[in-house]
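Number of protein chains: 2
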Amino acid sequence: MALKHAILVSLGDTPMSGYDLAKHFDESIGFFWRATHPQIYRELAKLKDKGLVSAEEMQQQGRPKRTVYSLTDAGRQEILAWSRQPSTPDSVKDDFLVRLYGLDHVDIPALREDLQLRMEGHRDRCERFSAIAAGIEPRNITELGRLRGLEIGLRYEREWAAWCEETLEALKDEHLVSLEDPVMKIAGQ
Amino acid sequence: MALKHAILVSLGDTPMSGYDLAKHFDESIGFFWRATHPQIYRELAKLKDKGLVSAEEMQQQGRPKRTVYSLTDAGRQEILAWSRQPSTPDSVKDDFLVRLYGLDHVDIPALREDLQLRMEGHRDRCERFSAIAAGIEPRNITELGRLRGLEIGLRYEREWAAWCEETLEALKDEHLVSLEDPVMKIAGQ
DNA sequence: TGCACATATGTGCTTTTGCACATATAGTTC
DNA sequence: GAACTATATGTGCAAAAGCACATATGTGCA
Chain A
6 MALKHAILVS LGDTPMSGYD LAKHFDESIG FFWRATHPQI YRELAKLKDK GLVSAEEMQQ
66 QGRPKRTVYS LTDAGRQEIL AWSRQPSTPD SVKDDFLVRL YGLDHVDIPA LREDLQLRME
126 GHRDRCERFS AIAAGIEPRN ITELGRLRGL EIGLRYEREW AAWCEETLEA LKDEHLVSLE
186 DPVMKIAGQ
Chain B
6 MALKHAILVS LGDTPMSGYD LAKHFDESIG FFWRATHPQI YRELAKLKDK GLVSAEEMQQ
66 QGRPKRTVYS LTDAGRQEIL AWSRQPSTPD SVKDDFLVRL YGLDHVDIPA LREDLQLRME
126 GHRDRCERFS AIAAGIEPRN ITELGRLRGL EIGLRYEREW AAWCEETLEA LKDEHLVSLE
186 DPVMKIAGQ
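Protein chains in written order, with the working numbering: chain A, 6 to 194; chain B, 6 to 194.
Incorrect hints may appear among the rest.
Same chains, same names: a pair is fine if it fits in one copy or spans any two.
Here are the computed lysine to aspartate or glutamate pairs in the EDC-like style, where the Cα-Cα straight-line distance is at most 20 Å [to be verified]:
id, residue 1, residue 2
1, Lys70, Glu118
2, Lys98, Asp119
3, Lys9, Asp112
4, Lys98, Glu48
5, Lys53, Glu164
6, Lys9, Asp99
7, Lys98, Glu156
8, Lys53, Asp178
9, Lys177, Glu156
Don't read these hints as lab results, they were simulated from the structure.
With the sequences and hints as input, model every part of the structure.
Shown next, in the form of structure tokens:
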């Protein structure tokens, strides 16, 4: 139940509307915690009830009015209290790795295509992260935290990209044939 | 909804009871997909209804009787069909990284303790994985898949462990002071 | 006999999540 | 002026996940 805290932490940066938050969750903090806009609006309503955030309606010219939420002192206290409890290790759920685990029951060409797509995604993010990280020399605690976050993201993407490449190589037909048919392997010697 | 498929894939190895599966999810396949025993028993009931697994009651001496589930041909077909659909990228949810993102609102000594614990966990798993991986020379497709899975697990744990160490260093008080108090920094020059 | 423990299988209830759909305002484009 | 796009905020509903609790068998032990 840390969507709550991900929102509070985001509002700690600067006041935002639900719409802003949704975009924010698609970009920066979304690397650490994913959320969709219905989730965010519902959570904001609860946080307001508890007094952890305050809301202010704002008229805009040329656009629909929006409700901007700010972190209250109670909200700040809540973040602090939460940060003192041990963090819950993230529970892994990866479709792709389950397939790899059951490799002999799986459509290997389809898995290979999947792997190719994954590799491209990891490489993209890898480049994006390292471009951002290159320009940061942390001047305060917040920036230090963000930089460290970027750093683990970068390492993660880099390893995954390299692993995808290796695994694509290992799953080439010519390598699989010899595994599947031990008779051929012996005959070939 | 791939708990279903994680179970099917596990039963593809060898028939198992719900109890066995629960243990299995605590160990090997649990690195790729976590599940608790109520989840598993409920899912098994559904899979049996759909004919994807078959159940057989077994009397044991000295222990309560158990129900052993096997993968059916329909189950095998289901795995194959599932494996042809694109895999859903795993949605990240990490408490700890959210805290790091909001570093200036957080209790830093508590975070440091957390970080220390994490690092130890990553190091343990790192050693465990590399010990297992060292002894495997894949002789068939299944073993190749398992080895690749182990390999990404190992890389993941290694990077996290190294990052934790670096981050612990970066969060030492003597480094933070200069960030928090720009006046001191200037005065010190 | 009573108690703790490991095996084995579940139910009940709440929270969280995700997806589809609904709605309203205002500018832009054809 | 009709259609389309971006902004902005929601509702409804169903699936999935998590946790506490319930239950039964058999072993070992004090």
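Outcome of the hint check:
no. : hint               : result
1   : Lys70 with Glu118  : neither (45 Å within a copy, 44 Å between copies)
2   : Lys98 with Asp119  : within (17 Å within a copy, 22 Å between copies)
3   : Lys9 with Asp112   : between (40 Å within a copy, 17 Å between copies)
4   : Lys98 with Glu48   : between (24 Å within a copy, 16 Å between copies)
5   : Lys53 with Glu164  : neither (41 Å within a copy, 39 Å between copies)
6   : Lys9 with Asp99    : between (24 Å within a copy, 13 Å between copies)
7   : Lys98 with Glu156  : between (22 Å within a copy, 17 Å between copies)
8   : Lys53 with Asp178  : neither (57 Å within a copy, 35 Å between copies)
9   : Lys177 with Glu156 : between (32 Å within a copy, 18 Å between copies)
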